[in-house]
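S.K.: Chain order of the listed sequences is A and Y.
So this note's numbering is basically just the index in the first sequence, starting at one, shifted up by 14.
So this note's numbering is basically just the index in the second sequence, starting at one, shifted up by 7.
Heads up, a few of these hints could be off.
Below, computed lysine to aspartate or glutamate pairings styled on EDC-like, alpha-carbon distance capped at 20 angstroms [unchecked claim]:
(1) Lys133/A x Asp49/Y
(2) Lys124/A x Asp106/Y
(3) Lys124/A x Asp63/Y
(4) Lys103/A x Asp106/Y
(5) Lys103/A x Glu104/Y
(6) Lys133/A x Asp101/Y
(7) Lys130/A x Asp63/Y
(8) Lys130/A x Glu104/Y
(9) Lys89/A x Glu114/A
(10) Lys83/Y x Asp63/Y
(11) Lys124/A x Glu38/Y
(12) Lys124/A x Glu104/Y
(13) Lys124/A x Asp22/Y
No lab work stands behind these hints: they were computed from the structure.
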Amino acid sequence: MGFKLELPTEIMKDIESLYKNTDDIMGAMTRAGAEVVQNNIQANIPEGIRSSKMMNCLKVTKTYRTPSDDGINTKVGFYGYFENEDGGKTPAPLVANVFEYGRSTEPFPKHPFMRKSFKRQEIEAAMLKAQSEASGGLLDE
Amino acid sequence: MNKLIETILANFTVDENPVAVAYMYYQGHGEPYVVYMQQDADGSLTADDELQGYVDYYDFDVYAKGNYHAIVNELKRILQANGFVWQPSRSSMDMFEVDTGYYHKTLNFAYLRSEDN
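Please work from the sequences and hints to get the whole structure.
M.R.: Take a look at the structure:
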């Protein structure tokens, strides 16, 4: 007696499609998560930054692969230099850091806005939505 | 919540040295000192469309002009012994202010609460 099972061609094609598009799907997911954080940062940002050229430094990077862990990443954060009204330049991450964690001296009241912008539930929901769209619904439960 | 923290950290001493604790801003003189404030809050449990429980996140900023690791360790110990949960990803790196000479580290702790407490 024998038993022979054949996977339907459609399922084989779906699996092949997922295999070929894994990087694109993962990339879309990380980008969607990063965009949620970017929107939250823009909503939570202190007025002192919102009305300055610091906003030009808030960026979402291109999606890239890290060879060390084979990871697919999209980062959001402050990049480059912030130029004040007098033309002085300060690294933008340093300025954001001062607002986030504060200083001992009075002119710099602490105003955390970065950490509270990473809302796990919102990020996961956006990533799952992107997964569904990028995979054509093949990975939906 | 502030009352709870003030009670826990009343007479906060490290290696027999008193460490001042203040809410939001330290107006005293001398160091080391710790400043605390609520950093964030997030819902943790809902039922019947009503919030049952939430998490308060508190920052504790340690400022010192010398080695502050003993203060950090003692702060972690005493807060964790009183129900706070340390949040490494919400805590800061080691920082130093060149102009004032202060070392600075932010420790973040979560505290699970309900509308009743």
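S.K.: Each hint should be assessed against the structure and marked as holding or not.
M.R.: Hint check results:
1. Of the pairs offered as hints, the one joining lysine 133/A and aspartate 49/Y holds, with about 9 angstroms between alpha carbons and a cut-off of 20 angstroms not exceeded.
2. Proximity of lysine 124/A to aspartate 106/Y is assessed by CA-CA distance (about 18 angstroms); at most 20 angstroms being required, the pair is judged to hold.
3. Of the pairs offered as hints, the one joining lysine 124/A and aspartate 63/Y holds, with about 17 angstroms between alpha carbons and a cut-off of 20 angstroms not exceeded.
4. Restraint check for lysine 103/A and aspartate 106/Y: the C-alpha separation of about 18 angstroms stays at or below 20 angstroms, so the hint holds.
5. The straight-line distance between the Cα atoms of lysine 103/A and glutamate 104/Y is roughly 18 angstroms, inside the 20 angstroms bound, and the hint therefore holds.
6. Of the supplied pair hints, the one linking lysine 133/A and aspartate 101/Y is violated, its CA atoms being roughly 24 angstroms apart against a limit of 20 angstroms.
7. About 12 angstroms separates the Cα atoms of lysine 130/A and aspartate 63/Y, which keeps this hinted pair within 20 angstroms; it holds.
8. A hinted pair counts as satisfied when its Cα atoms are at most 20 angstroms apart, and lysine 130/A with glutamate 104/Y does not qualify at roughly 24 angstroms.
9. Among the hinted pairs, lysine 89/A with glutamate 114/A is consistent with the structure: their alpha-carbon atoms are about 18 angstroms apart, no more than 20 angstroms.
10. Among the hinted pairs, lysine 83/Y with aspartate 63/Y is consistent with the structure: their alpha-carbon atoms are about 16 angstroms apart, no more than 20 angstroms.
11. Restraint check for lysine 124/A and glutamate 38/Y: satisfied, since their Cα atoms lie roughly 19 angstroms apart, inside the 20 angstroms limit.
12. As the CA atoms of lysine 124/A and glutamate 104/Y are separated by approximately 15 angstroms, the hinted pair is consistent with the 20 angstroms bound.
13. As the CA atoms of lysine 124/A and aspartate 22/Y are separated by approximately 29 angstroms, the hinted pair breaks the 20 angstroms bound.
Violation of the numbered hints given earlier is confined to hints 6, 8, 13; the remaining hints are satisfied by the structure.
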